[in-house]
Amino acid sequence: MGAVLLTLALAAAPAGANVISPEPPHSPNADDLNTLYWITLIVVVALIVVVNVALLSAIVRYRERRGREPRQVRSGRRVQVRAAGVLAALAAATFVVSIVFTQKARDRAPTGPQGLQTSATVTGSGAAPIGTSTPPASQSANPLEITATGQQWLWRYTYPNGAFSYYQLVVPVDTSVQLDLVTTDVVHGWFVPELGGKFNAVAGKINHAWFRADQTGTYTGRSSTFSGAAYAADRIEVSVVTPQQYQDFIARQKRDIQDAQDIVVQQIQSGQTP
Amino acid sequence: MTPPPATTLSPGRPELVTSEYPQRRPRWIELATSADHKDVGRMFIGGSLGFLLLATVEWVLMRLQLAIPENTMLRPEFFNRLLSLYGETAIFLFAIPLVVGLVYYVVPLQIGARTTALPRLGQMAFWLWAAGAATLYSSLIFTPPESGVNPLPPLSSLAFAPSNGADVWLGSTGLICTGFVCFAVNMIATLRNLRAPGLAWRRLPPFAWAATVGTWLLGFVSVVMLGAITMLMFDRNVNGIFFEGDAGGSPLLWQHLSWIFFNGAYMLIMIAAFGAIAEIVPTFSRKPLFSREAVMASLAAIAVLGTLAWMQNMYSDPIGIGWSYFAMAMAMLAVIPFGLVLFNLIATMMGGALRIRAPMLFALGAISMIAVGLACELGQSAVGVAWQLQNTSDATASTHYALVGAAILGGLAALHYWFPKMTGRTLGERLGGISFWTILAGLNLSFFPLVLAGLQGQVVDVYKFYSGTGVSGYNLVATIGAFVLALGIVLALANVVFSLRSGVRAGHDPWGGTSLEWLALSPPPPHNFDLLPDVRSHEPLRDIRDAIARQGAGGGEKAAESQPVA
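Here the protein sequences line up with chains A and B, keeping their order. Residue numbering for the first sequence follows the numbering used here, starting at 6 and increasing by one per position. Residue numbering for the second sequence follows the numbering used here, starting at 46 and increasing by one per position.
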């Protein structure tokens with residue numbers, strides 16, 4: 006029955022391809038993950054259809070009837086070895102394809118022509134591909150490195166110039182961005198489907214995610230590892246802007262934070278705040 | 046002990062008949078103090094079915110909250126408590142104990158044992174489990190656990206879960222896992238030592254083999270879980286740092302240990318369901334299993350490969366990509382044994398004469414739904430796919446397809462199949478059919494929309510979702526489906542209750558089974574068997590039927606139908 010529904014959904018694919026696939030990718034790594042998704046979907050649907058069609062046809066064909074004597078056959082070894090061989094080939098092919106596309110998705114693409122042209126001062130060093138905690142030996146172009154700190158129940162983003170923002174991450178378009186995921190409390194999952202995948206921030210470790218947004222606009226995501234009472238409200242918004250707007254934003258943000266701190270310092274010094 | 050050559054039936058040895066002896070104490074006291082595997086097995090099965098109802102109620106309540114966007118019916122803390130109770134109830138109080146109960150009742154009969162090797166240990170397993178269940182639900186009078194289905198530290202550490210709920214979770218799960226270890230030790234000893242003469246390992250019925258593999262697995266992963274529980278208890282109560290990331294411990298350690306348990310438990314439920322289905326399909330096709338060897342080897346391989354793939358739950362964590370690929374390799378290798386089992390089950394039906402009675406109906410539905418769930422799980426075991434779909438409601442859906450398929454459809458198949466043995470009565474065929482189709486419809490109606498919602502990015506364990514995210518319709522249908530599923534479960538349980546009193550009386554062998562449990566009376570006397578044949582093949586009852594047919598030459602078919610034990 007699930008198979009029937011799935012097949013129906015597949016038949017409607019051209020009309021609503023994004024009904025049966027994750028949200029449309031807007032980053033090279035999300036592209037690769039999406040391609041891998043479509044390949045595995047075909048394998049999955051094929052398996053479901055094959056098992057259920059075989060099952061249904063056996064039920065229809067071999068119902069008990071008057072005069073039908075069941076054939077007392079048993080399998081030889083050859084049949085089983087062949088069946089195992091077919092399954093092994095399927096598993097091996099899926100495994101190889103998965104590794105190829107997963108590796109592609111992990112390879113951080115360099116910043117494009119419209120992106121923020123970085124110099125060593127604005128970017129961090131020690132950029133690492135996602136899924137590892139050790140940086141690789143060589144790096145082509147340094148990415149824009151932003152620290153994403155998970156906390157109950159809001160994400161905080163720290164930009165290279167020291168400015169920070171809550172809830173909304175602002176990044177320049179067409180720029181290779183690397184997120185360093187850390188947490189101040191429990192495990193938090195950073196998950197913006199359009200920008201490629203889910204990665205957990207775990208205490209005591211730094212995890213990495215990267216993306217290169219291909220269009221300006223707002224992408225929404227959510228925390229995706231259960232994190233306590235207000236978990237469902239812990240959403241993520243990524244605002245992709247032009248490099249100039251990004252530069253303005255972090256400069257303004259830094260100034261505003263500094264101003265706010267100055268006021269607080271003043272108030273403390275003048276005795277207004279205990 | 047040389048068996049007589051001519052016949053498989055040895056003359057009966059006079060036994061003291063105790064089954065008709067008047068009971069001195071009330072029935073419930075007899076049951077509660079009994080160490081007989083049949084009594085303990087029945088208590089496990091009855092208890093787990095009760096918790097199935099409770100888990101269903103909890104699931105339906107959570108689905109009600111998620112019926113419409115931004116619902117305020119349940120407070121977030123209340124939802125999270127419900128979620129934590131549901132997870133514990135569904136896994137530790139329903140699915141695994143149902144397997145345990147069925148194995149404990151049926152397998153000693155299947156191997157021709159008159160008792161289990163360590164009956165008091167088996168009895169203790171039940172009472173530890175009951176104590177664990179009582180501990181968990183005692184928290185309703187103060188604070189239930191609220192750290193989720195798998196309470197990952199630091200969310201379950203003292204700093205972020207200061208209430209006693211987390212301690213209750215640890216205490217009850219610890220008691221239950223200790224019970225599982227007791228059960229496993231007893232079952233392993235029983236299977237090693239108490240098989241009937243001639244019943245070699247290779248001649249074990251599929252369910253008894255599944256129990257052999259499954260009890261080793263359950264014993265192993267329960268000990269791992271007990272280790273994790275002990276460490277978290279240290280962390281919470283005596284300033285331990287096992288899971289404190291900043292103090293030199295690691296939160297990932299809990300994830301490794303607990304996922305070994307949960308993955309192993311998942312595989313146990315699959316193995317047990319396949320074992321039961323591999324008894325039912327041949328019996329109702331009136332054909333031998335297509336390849337016993339392939340199915341038996343596959344069940345063992347599932348236990349090993351499936352459990353070794355525990356890190357497939359941790360692809361998003363900083364564990365190093367190599368470990369992710371290792372887990373993926375194990376998960377994809379497990380496709381071979383899973384596929385071989387399904388292939389052999391369907392091949393068994395080919396060329397047979399299928400009697401579609403209630404046990405067979407449930408078994409066929411289980412095969413279909415398990416296939417859907419396992420195929421989806423295969424897709425999500427690919428690292429890149431899991432990055433997009435892990436912890437979305439897609440994962441909820443595929444896990445539930447596989448586990449509802451195995452534990453509820455497969456469990457009910459096994460229950461319909463062995464209920465006549467346990468009670469002497471058959472489960473109602475009509476209500477069985479109705480409940481089956483309701484459950485099947487409810488399962489698909491409830492979980493297929495969640496597949497689609499997951500693709501739109503809805504994540505698991507949330508107490509609400511927002512409007513305008515494109516998942517409102519899916520969630521409404523899923524909630525309606527949950528009610529249909531719940532109705533089906535209630536009908537199935539009602540069938541059990543009615544049939545206990547008024548089911549059609551069944552003989553000792555209502556289905557024409559081929560393994561030794563069908564030789565015993567229904568229900569079996571406390572000592573199970575008055576006399577046992579020497580087992581010469583993996584189908585001892587078929588041998589007996591053939592022998593009787595040969596002895597009563599002229600009696601022919603009629604003799605074969607008559608009771609082999611006078």
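Don't read these hints as lab results, they were simulated from the structure. The beta carbon of each residue, even a glycine, is placed where N, CA and C say it ideally should be. Hints should not be assumed to be uniformly reliable.
[Stated by the list, open to error] Covered by chain B, per the in silico footprint, the following chain A stretches (three or more residues, Cβ under 8 Å):
1. 51 to 61
2. 86 to 99
3. 163 to 172
[Stated by the list, open to error] Covered stretches of chain A, going by a simulated chain B footprint (3 or more residues, C-beta under 8 Å):
4. 107 to 120
5. 215 to 222
6. 256 to 266
How the hints compare with the structure:
no.	hint	verdict
1	51 to 61	holds (count 6)
2	86 to 99	holds (count 8)
3	163 to 172	violated (count 0)
4	107 to 120	holds (count 3)
5	215 to 222	violated (count 0)
6	256 to 266	violated (count 0)
Checked against the numbered hints given earlier, this structure breaks hints 3, 5, 6; the rest are met.
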